[in-house]
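Could you build all of it, start to finish, from the sequences and the hints given here?
Mapping to this note's numbering: the sequence shown position 49 is 49, numbers consecutive.
Read the hints as simulated data drawn from the structure, not as lab findings. Check the hints yourself; a few may be wrong.
As the list claims (entries may be wrong) - In silico DSS-like pairs for lysine-lysine, Cα to Cα no more than 27 Å straight-line: (1) 219 to 128; (2) 219 to 95; (3) 171 to 219; (4) 95 to 128; (5) 458 to 471; (6) 156 to 333; (7) 348 to 308; (8) 348 to 128; (9) 348 to 406; (10) 171 to 95; (11) 219 to 308; (12) 308 to 128; (13) 471 to 406; (14) 463 to 406; (15) 406 to 333; (16) 437 to 128; (17) 437 to 156; (18) 331 to 308; (19) 156 to 331; (20) 95 to 173.
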Amino acid sequence: MGALTFSAPAGATATARGAFTTTPTATDPYTYQVGFGNRFATEAIPNTLPLGCNTPQRCKYDLISEQLNGTPFVSPRASLLNSWFYRIQPSVVHKPLRRLSQSTDLEAVFSPLNPNAVFTPQDLGWDKFPLPTDEEHVDFISGLKTVAGHGDPTLKEGLAVHIYSANASMKNKAFCNNDGDMLILPQEGRLDIQTEFGRLMVRPGELAVIQAGMRFSVKLPDGVGRGYIQEIYGSHYELPELGPVGSNGMAMARDFEIPVASFDVDQSRWTIVVKLVGQLFAYDQDHTPFDVVAWHGSYAPYKYAMEKFINSATVDRDQSDPSIYCVLTAKSKIAGVSLSDFLIFIPKWSVTRNTFRPPYYHRNVATELMGMIYGTWSGSATLLEPGGLTYEPSYMPHGESYERWKEATSVDLQPQRVGDASMAFMMHISGHVSLTKYALERSACLQPIREDAWDDFKPAFLKHLDAIAGKDQHTDTPPMLNGSANGTKGSPTEPHTNGVL
Numbered sequence: 001m002g003a004l005t006f007s008a009p010a011g012a013t014a015t016a017r018g019a020f021t022t023t024p025t026a027t028d029p030y031t032y033q034v035g036f037g038n039r040f041a042t043e044a045i046p047n048t049l050p051l052g053c054n055t056p057q058r059c060k061y062d063l064i065s066e067q068l069n070g071t072p073f074v075s076p077r078a079s080l081l082n083s084w085f086y087r088i089q090p091s092v093v094h095k096p097l098r099r100l101s102q103s104t105d106l107e108a109v110f111s112p113l114n115p116n117a118v119f120t121p122q123d124l125g126w127d128k129f130p131l132p133t134d135e136e137h138v139d140f141i142s143g144l145k146t147v148a149g150h151g152d153p154t155l156k157e158g159l160a161v162h163i164y165s166a167n168a169s170m171k172n173k174a175f176c177n178n179d180g181d182m183l184i185l186p187q188e189g190r191l192d193i194q195t196e197f198g199r200l201m202v203r204p205g206e207l208a209v210i211q212a213g214m215r216f217s218v219k220l221p222d223g224v225g226r227g228y229i230q231e232i233y234g235s236h237y238e239l240p241e242l243g244p245v246g247s248n249g250m251a252m253a254r255d256f257e258i259p260v261a262s263f264d265v266d267q268s269r270w271t272i273v274v275k276l277v278g279q280l281f282a283y284d285q286d287h288t289p290f291d292v293v294a295w296h297g298s299y300a301p302y303k304y305a306m307e308k309f310i311n312s313a314t315v316d317r318d319q320s321d322p323s324i325y326c327v328l329t330a331k332s333k334i335a336g337v338s339l340s341d342f343l344i345f346i347p348k349w350s351v352t353r354n355t356f357r358p359p360y361y362h363r364n365v366a367t368e369l370m371g372m373i374y375g376t377w378s379g380s381a382t383l384l385e386p387g388g389l390t391y392e393p394s395y396m397p398h399g400e401s402y403e404r405w406k407e408a409t410s411v412d413l414q415p416q417r418v419g420d421a422s423m424a425f426m427m428h429i430s431g432h433v434s435l436t437k438y439a440l441e442r443s444a445c446l447q448p449i450r451e452d453a454w455d456d457f458k459p460a461f462l463k464h465l466d467a468i469a470g471k472d473q474h475t476d477t478p479p480m481l482n483g484s485a486n487g488t489k490g491s492p493t494e495p496h497t498n499g500v501l
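The following block contains the structure:
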């Protein structure tokens, strides 16, 4: 077969017709713009966006100009978030609000004064949270249940961790969360999310962020939906600084996907449910909230395929801290301290020599909440399954089992693949976290505390005391143990190489 050739007239050129957008797939029919933190411009009808101003005297096609702010007007330019809509009806056209009956499973304020918020230093775990039964009709809103949190949305500081479990799509209903930004993690079933900005199809393995004040509706194309939500108050998610990693690595900005403008012409009755300080309100209107023909700005929802995260870690010896796996972070009001870091654990290579490779024994200033999207968790001291959760509170010790320690300190270290076909995550939360009465009493999946979990842990150091005493060149007195000369018998064992030598 001859070589493939290509010929073109001398001086031929080609020019892109527009910015890059993604291509629909068999499991995601939508198109997206790309780039974290960009300012976007998108229109479902060409030439709809005004030029040179945001509020012309009369918008094209008699559309209404409307701004949505995610930060105050006088915020520094680098952190300012806002978007302009050009929509069929302004959002203000609706009936008066009414208060809905309070869900006993939804919380927003995590003060010790809240009897439904329980602070405990006990590490805990939950099996997968249950899906609704066939006899129940539960949509995304009614399937929200709060597991943990800290802080208070009225102070614009803190967060809440929820699970959602649903078996029904939202019909002529939208949700608007005025408390904070929601990071949504499907674990079972895709979420077809319609927003004022456009549509997002989010599958297990992807995350979506819907910021405060944005109206959205959720359909379940696979019939059921279960997953996790981290909701942050008074802050927004950002990409972590790369530092010495350099220009590339971790979550790349170009891999975040933002919807393109999409609108409906629908004059039927809609109900908008609003969450404020954990209370639910609703109002009705005679038109869809998803009537934005065009928009531009930087305050927009997005999604990210977590398999695209680029792992970075040590390649010779020792361990990196898990912060090296940070996808998104949110700042607290304390300079230099995050409100929460969202970490992801996906397949990687482990190649270090002379290193204790499992997660090190640890007492952390932060609280660690871990969940699993799919696969099998490799940790030996916690029971974590897809759809479940574990809780390691601030400053409380955690680590691997004795059997895992023995194996890890004696195995012949070879390069090995870790976590294949698995995805787990951690919410690394700086403040003290309380658990809800739902999580502790009504979830029906709280794991019993294993009272004997650490009973078999044997201090291997003790069998070396005779050898240590024999090597002591500074004194004739053997080392003391509990105030008396050591009398422990055991065969001397040479320790493994300590450090790099």
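Earlier hints that do not hold, by number: 4, 15
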